[in-house]
Amino acid sequence: MEIIFWFLPALIFLGIVTSYEDIKKGTIRNKWIIFSLAYAISAYMAISYYSIKAGLTLRTGYFLELIGTALFSLATAFVIWHAGLWTAGDGKLFFAYSILVPLEVYRYGYIPYFSSISILINTFIPVFLFLVFLLIFRTSLKEKIEYGKQALEFNRIMQLLLYLFALIWPIRLLFAFIRLQLNYFLMIFLLFVLMTQAEKTLKLDIRYILGGIAVLRMIFDPSVFTEMAWTELFTFSVLFIVLRFFILPIGFNYFTENVPIKDLKEGMMPAEAILRKKGGYIKIPLVQFSMLSSLRQTSMKNTVLEQTAEGLTRDGIGRMQKMRLPFSSIRVKHTTSFAPFLFAGAFLTIAVQGNFIVLLISLFL
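FYI, the numbering used here numbers position 338 of the sequence shown as 338, with every residue one higher than the one before it.
No wet-lab data here; the hints were simulated from the structure. Any given hint might turn out to be false.
To be verified - Derived BS3-like pairs (lysine-lysine); straight-line CA-CA distance at most 25 Å:
| no. | residue 1 | residue 2 |
| --- | --- | --- |
| 1 | 283 | 149 |
| 2 | 144 | 24 |
| 3 | 31 | 53 |
| 4 | 25 | 144 |
| 5 | 142 | 53 |
| 6 | 53 | 25 |
| 7 | 278 | 265 |
| 8 | 142 | 333 |
| 9 | 53 | 144 |
| 10 | 322 | 278 |
| 11 | 283 | 262 |
| 12 | 283 | 24 |
| 13 | 283 | 25 |
| 14 | 24 | 53 |
| 15 | 149 | 262 |
| 16 | 25 | 278 |
| 17 | 283 | 333 |
| 18 | 25 | 333 |
| 19 | 31 | 142 |
| 20 | 333 | 24 |
| 21 | 333 | 322 |
What the hints assert, rightly or not - Here are the in silico distance ranges between beta carbons for each label pair:
| no. | residue 1 | residue 2 | range |
| --- | --- | --- | --- |
| 22 | 177 | 128 | 30 to 38 Å |
| 23 | 351 | 56 | 50 to 58 Å |
| 24 | 145 | 315 | 41 to 49 Å |
| 25 | 128 | 351 | 18 to 26 Å |
| 26 | 226 | 53 | 51 to 59 Å |
| 27 | 267 | 218 | 46 to 54 Å |
| 28 | 340 | 137 | 19 to 27 Å |
| 29 | 208 | 56 | 29 to 37 Å |
| 30 | 23 | 132 | 19 to 27 Å |
| 31 | 50 | 188 | 36 to 44 Å |
| 32 | 154 | 209 | 17 to 25 Å |
| 33 | 23 | 51 | 22 to 30 Å |
| 34 | 267 | 150 | 56 to 64 Å |
By construction, the Cβ of each residue, glycine as well, lies at the ideal position given by its N, Cα and C atoms.
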């Protein structure tokens, strides 16, 4: 029997029950995550028992990779939650799916110890493409041209090139040291994570550090003078310019709404940050996957309202309502239940046997 059939009942049950509860109540209960973990452990124990009974030899490396993949998924879920890109419940649900999708499924885009990144790709990319499709038809040509000009500002592009040039090198060195495969999808994911987390953690202007890394790379990295290195830098730069400087800003007004501060409710997701400036207060757009220049504004000590993945708290709303702010409203994000998308992403992973983009590339190239 195909190993996936051991896990399909639990995966389907988890997908249905968590999607229903997330849509109806906006919560993902811990008991479903515990159920998934217990089911996965029981299934692997049963598979091991029948394998030994059939005279097959169990591979220690297989179980080590299972544990490594689970730990990577847990760490990834935490980092994405800490970056404010999903709730803690969504992160735990991703972890549950990652342990319910066996390694044998990953045929396309398989990366040892990082195979569950295919679930993320199969979840986020279709959703992102759908939102881009909506934006194309909801925005005018004038808006597209205006945001296009802003995306191509010289200073922005030069800063982006510095960040990418500096960050690509240590990522490659790390994976070469631990002898793990690194492909474009994992590289893009790691770059996004580093860019959204660096100054939140370090609390300083990271440009000087990255500038130093860039200089060291010019001295010690011989590949920097190859065509492949510059092609890679160009590819990532175009991707980040389109995503960060064009798609996300143009979608800000269409996927957020203005809400009076007096009407704010607990759990609402702010789309603007409130900062102290020159004895007063200002508000700035809070765009996820922001470059470090934007993060510097929301991570320094002058931030008044702390941004969390769980949204506004009662205390935070109370503090805002007591402040003498020069504005009476802030923009909040349109929220949607994410559990159904994760369910669809996990199911797509099983259906296409891994990363659907890699499958499409293999079919047409």
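Status of each hint after checking the structure:
no.	hint	result
1	283 - 149	holds, 23 Å
2	144 - 24	violated, 36 Å
3	31 - 53	violated, 33 Å
4	25 - 144	violated, 37 Å
5	142 - 53	violated, 69 Å
6	53 - 25	violated, 45 Å
7	278 - 265	violated, 29 Å
8	142 - 333	holds, 24 Å
9	53 - 144	violated, 64 Å
10	322 - 278	holds, 19 Å
11	283 - 262	holds, 16 Å
12	283 - 24	violated, 32 Å
13	283 - 25	violated, 31 Å
14	24 - 53	violated, 45 Å
15	149 - 262	violated, 36 Å
16	25 - 278	violated, 42 Å
17	283 - 333	holds, 15 Å
18	25 - 333	holds, 18 Å
19	31 - 142	violated, 50 Å
20	333 - 24	holds, 19 Å
21	333 - 322	holds, 23 Å
22	177 - 128: 30 to 38 Å	holds, 32 Å
23	351 - 56: 50 to 58 Å	violated, 27 Å
24	145 - 315: 41 to 49 Å	holds, 43 Å
25	128 - 351: 18 to 26 Å	holds, 19 Å
26	226 - 53: 51 to 59 Å	holds, 53 Å
27	267 - 218: 46 to 54 Å	holds, 48 Å
28	340 - 137: 19 to 27 Å	holds, 23 Å
29	208 - 56: 29 to 37 Å	violated, 56 Å
30	23 - 132: 19 to 27 Å	holds, 24 Å
31	50 - 188: 36 to 44 Å	holds, 40 Å
32	154 - 209: 17 to 25 Å	holds, 23 Å
33	23 - 51: 22 to 30 Å	violated, 39 Å
34	267 - 150: 56 to 64 Å	violated, 32 Å
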